[in-house]
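Chain order of the listed sequences is A and B. The number in the working numbering is simply the position in the first sequence, starting from 1, with 3 added. The number in the working numbering is simply the position in the second sequence, starting from 1, with 3 added.
Simulated from the structure, these hints should not be mistaken for laboratory data. Do not rely on the hints blindly, as some may be mistaken.
It does not matter which identical chain is used: a pair holds within one copy or between any two.
As the list claims (entries may be wrong) - Lysine-lysine pairs mimicking DSS-like chemistry, simulated, CA-CA at most 25 Å apart: (1) K192 with K230; (2) K28 with K132; (3) K161 with K90; (4) K158 with K28; (5) K28 with K161; (6) K230 with K13; (7) K28 with K192; (8) K158 with K238; (9) K305 with K13; (10) K192 with K238.
Read off the chains here:
2 protein chains.
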Amino acid sequence: MINKLVDKIKKTGAPIVVGLDPMLKYVPSHIQNRAFEEYGETLEGAADAIFEYNKGIVDAVYDLVPAVKPQIAMYEQFGIPGLMAFKRTVDYCKGKGLIVIGDIKRGDIGSTSEAYAVGHLGRVAVGSKEYYGFDEDFATVNPYLGSDGINPFIKVCKEEKKGIFVLVKTSNPSSGEFQDRLISDAGNKPLYEIVGEQVDKWAAECMGDTYSYVGAVVGATYPEMGKVLRKVMPKSFILVPGYGAQGGKGKDLVHFFNEDGLGAIINSSRGIIAAYQNEKYASYGEESYADASRAAVLDMKKDIEEALGCALC
Amino acid sequence: MINKLVDKIKKTGAPIVVGLDPMLKYVPSHIQNRAFEEYGETLEGAADAIFEYNKGIVDAVYDLVPAVKPQIAMYEQFGIPGLMAFKRTVDYCKGKGLIVIGDIKRGDIGSTSEAYAVGHLGRVAVGSKEYYGFDEDFATVNPYLGSDGINPFIKVCKEEKKGIFVLVKTSNPSSGEFQDRLISDAGNKPLYEIVGEQVDKWAAECMGDTYSYVGAVVGATYPEMGKVLRKVMPKSFILVPGYGAQGGKGKDLVHFFNEDGLGAIINSSRGIIAAYQNEKYASYGEESYADASRAAVLDMKKDIEEALGCALC
Numbered sequence: 004m005i006n007k008l009v010d011k012i013k014k015t016g017a018p019i020v021v022g023l024d025p026m027l028k029y030v031p032s033h034i035q036n037r038a039f040e041e042y043g044e045t046l047e048g049a050a051d052a053i054f055e056y057n058k059g060i061v062d063a064v065y066d067l068v069p070a071v072k073p074q075i076a077m078y079e080q081f082g083i084p085g086l087m088a089f090k091r092t093v094d095y096c097k098g099k100g101l102i103v104i105g106d107i108k109r110g111d112i113g114s115t116s117e118a119y120a121v122g123h124l125g126r127v128a129v130g131s132k133e134y135y136g137f138d139e140d141f142a143t144v145n146p147y148l149g150s151d152g153i154n155p156f157i158k159v160c161k162e163e164k165k166g167i168f169v170l171v172k173t174s175n176p177s178s179g180e181f182q183d184r185l186i187s188d189a190g191n192k193p194l195y196e197i198v199g200e201q202v203d204k205w206a207a208e209c210m211g212d213t214y215s216y217v218g219a220v221v222g223a224t225y226p227e228m229g230k231v232l233r234k235v236m237p238k239s240f241i242l243v244p245g246y247g248a249q250g251g252k253g254k255d256l257v258h259f260f261n262e263d264g265l266g267a268i269i270n271s272s273r274g275i276i277a278a279y280q281n282e283k284y285a286s287y288g289e290e291s292y293a294d295a296s297r298a299a300v301l302d303m304k305k306d307i308e309e310a311l312g313c314a315l316c
Numbered sequence: 004m005i006n007k008l009v010d011k012i013k014k015t016g017a018p019i020v021v022g023l024d025p026m027l028k029y030v031p032s033h034i035q036n037r038a039f040e041e042y043g044e045t046l047e048g049a050a051d052a053i054f055e056y057n058k059g060i061v062d063a064v065y066d067l068v069p070a071v072k073p074q075i076a077m078y079e080q081f082g083i084p085g086l087m088a089f090k091r092t093v094d095y096c097k098g099k100g101l102i103v104i105g106d107i108k109r110g111d112i113g114s115t116s117e118a119y120a121v122g123h124l125g126r127v128a129v130g131s132k133e134y135y136g137f138d139e140d141f142a143t144v145n146p147y148l149g150s151d152g153i154n155p156f157i158k159v160c161k162e163e164k165k166g167i168f169v170l171v172k173t174s175n176p177s178s179g180e181f182q183d184r185l186i187s188d189a190g191n192k193p194l195y196e197i198v199g200e201q202v203d204k205w206a207a208e209c210m211g212d213t214y215s216y217v218g219a220v221v222g223a224t225y226p227e228m229g230k231v232l233r234k235v236m237p238k239s240f241i242l243v244p245g246y247g248a249q250g251g252k253g254k255d256l257v258h259f260f261n262e263d264g265l266g267a268i269i270n271s272s273r274g275i276i277a278a279y280q281n282e283k284y285a286s287y288g289e290e291s292y293a294d295a296s297r298a299a300v301l302d303m304k305k306d307i308e309e310a311l312g313c314a315l316c
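Between the sequences and the hints, there should be enough to build the whole structure, so can you do that?
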């Protein structure tokens with residue numbers, strides 16, 4: 004799947020992932036009204052609205068980008084109907100040929116982590132049969148519990164040729180509270196670098212043709228740390244959140260790429276999916292929200308091309 | 004809800020939480036067969052089997068313990084039907100008067116963490132209505148992303164009078180890989196202690212009558228660290244996994260309690276729910292698996308009483 008990701012980035016010339024993190028306040032009123040007319044103001048109504056909203060965006064951008072990243076929390080908040088909309092979104096995107104990165108940030112230990120890995124990337128056995136649960140292509144994973152939490156994912160990744168992105172340095176303002184602490188028994192390197200070094204070891208176990216099935220998450224909001232981490236984990240793709248709405252800019256992204264012009268994929272969520280609510284794209288209007296999202300993807304692609312000196316175009 | 008937990012521990016004399024982490028290999032064949040006859044060897048069949056298995060255990064132990072802790076990964080591996088069994092389990096246990104700790108180990112940032120908090124502990128707005136998604140009483144939360152990940156949970160805890168347990172030092176063998184690293188800008192304290200100090204700050208914001216709505220997870224397998232962390236977080240209940248199957252023993256537990264005989268709740272999962280597969284309780288047989296679980300709870304209660312010098316009995 005990492006080989007497919009590399010291929011699709013080369014084909015589209017866009018190292019971009021669209022974050023499908025729908026909030027009801029982003030969903031245009033005509034879609035909400037239609038869903039509520041059919042299902043009432045219920046969890047089922049909310050779930051239907053966010054799926055239809057996603058579908059419009061995916062139809063408008065699937066030819067431009069290699070991947071989408073649905074954030075499961077935004078679905079899980081609507082309980083079982085919300086998670087059904089998550090699964091419908093995963094399936095719909097895969098049907099459109101998109102790679103699906105499940106932003107699930109799961110992490111536990113031993114058989115429990117294996118259950119997450121099996122549920123999201125692999126197959127679960129039921130008697131003599133096997134079933135895929137959510138069946139994403141990649142998943143994000145939290146490293147706080149150490150190798151006991153990650154190895155079960157690596158096992159499933161090897162079986163299924165799928166991948167993970169391990170949280171290393173997250174894009175949020177308080178990410179330094181623990182991630183930036185200096186480790187005295189490692190030459191005063193910050194924790195995120197120690198985690199990065201471990202990601203590099205995990206990555207070595209699970210290589211695709213040029214990159215590993217084990218990638219990392221590093222926020223666009225910390226470009227200097229990205230520069231260091233790029234070198235610490237040369238074989239890992241870096242999934243970069245924090246571009247756009249969170250403050251990361253095109254010029255900040257250069258450090259996250261390798262010299263081959265690859266090795267990073269930049270996420271934008273709100274900046275794309277709610278583009279029509281941004282003054283810049285307001286002229287599209289609510290009804291044409293998906294066209295606004297397409298315009299935002301094209302602008303983002305241009306911003307990255309300019310920053311990278313057109314390495315991919 | 005923390006007040007209710009304290010009350011129920013005093014009433015039952017058992018600072019014990021039963022971990023409802025069903026794996027199909029634990030489920031007696033008569034339950035599996037009945038479910039597969041009705042639903043086939045499908046995800047629905049697996050989900051029905053694990054719910055019925057849980058129900059038997061809950062019916063057998065609900066009068067002995069204050070709380071249960073379903074591990075959502077074990078349900079999530081069966082996709083949507085599995086998560087429906089999780090929700091049925093939460094509801095069934097609450098109907099029996101048990102406190103439900105959702106072992107979900109979620110953690111993200113800002114509005115995303117809020118979505119998890121709302122989905123598991125709070126209410127989500129849909130138009131003019133509000134709905135509970137999963138509606139557990141407590142949830143476990145991963146701290147790697149810092150305060151941006153925890154504060155949204157604290158906000159919902161205050162609104163709903165519910166609680167969280169923040170992962171501090173986990174019970175698994177590799178938990179030290181990152182959690183034990185020494186922090187040079189904090190007098191060479193290990194990271195788990197820094198996280199513990201932060202838990203104590205979060206806890207102060209959200210107090211019940213005697214304990215905080217913000218608790219911590221510290222593994223029974225690390226009693227010396229538990230001793231330190233008990234003092235670092237005096238207002239926080241400690242949820243202690245790792246007793247029994249993972250190697251933690253009664254005598255190791257003393258350090259996790261405060262002098263009031265409270266402040267800790269010990270989890271056992273496999274040791275209770277799959278007791279009938281343990282040689283010690285094998286005479287119960289598969290059909291009477293729930294009676295074996297009841298016997299295991301009573302033995303665990305006795306083990307803890309002996310270790311604590313009967314502070315609660």
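Each hint, compared with the structure:
Only within a single protomer do K192 and K230 lie at most 25 Å apart by alpha-carbon distance; the minimum there is 15 Å, versus 28 Å between protomers. For a Cα distance limit of 25 Å, the shortest separation of K28 from K132 across copies, 14 Å, qualifies, whereas the shortest one inside one copy, 41 Å, does not. Only within a single protomer do K161 and K90 lie at most 25 Å apart by alpha-carbon distance; the minimum there is 23 Å, versus 32 Å between protomers. For a Cα distance limit of 25 Å, the shortest separation of K158 from K28 across copies, 20 Å, qualifies, whereas the shortest one inside one copy, 39 Å, does not.
In this homomeric assembly, K28 and K161 come within 25 Å of each other (Cα to Cα) only across copies, at 24 Å, whereas the closest approach inside a single copy is 39 Å. Taking identical chains as interchangeable, the C-alpha atoms of K230 and K13 lie at most 25 Å apart only when both belong to the same chain, with a minimum of 22 Å there against 54 Å between chains. In the homo-oligomer, the alpha carbons of K28 and K192 never lie at most 25 Å apart, since the shortest distance is 42 Å inside one protomer and 44 Å across protomers. When the C-alpha separation of K158 and K238 is checked against a cutoff of 25 Å, the pair qualifies only within one copy, where the shortest distance is 18 Å, while the shortest distance between copies is 40 Å.
Taking identical chains as interchangeable, the C-alpha atoms of K305 and K13 lie at most 25 Å apart only when both belong to the same chain, with a minimum of 15 Å there against 64 Å between chains. Taking CA atoms no more than 25 Å apart as the test, K192 paired with K238 passes inside one copy only; the shortest distance there is 21 Å, against 32 Å between copies.
In summary, the structure is inconsistent with hint 7 from the numbered list given earlier, while agreeing with all the others.
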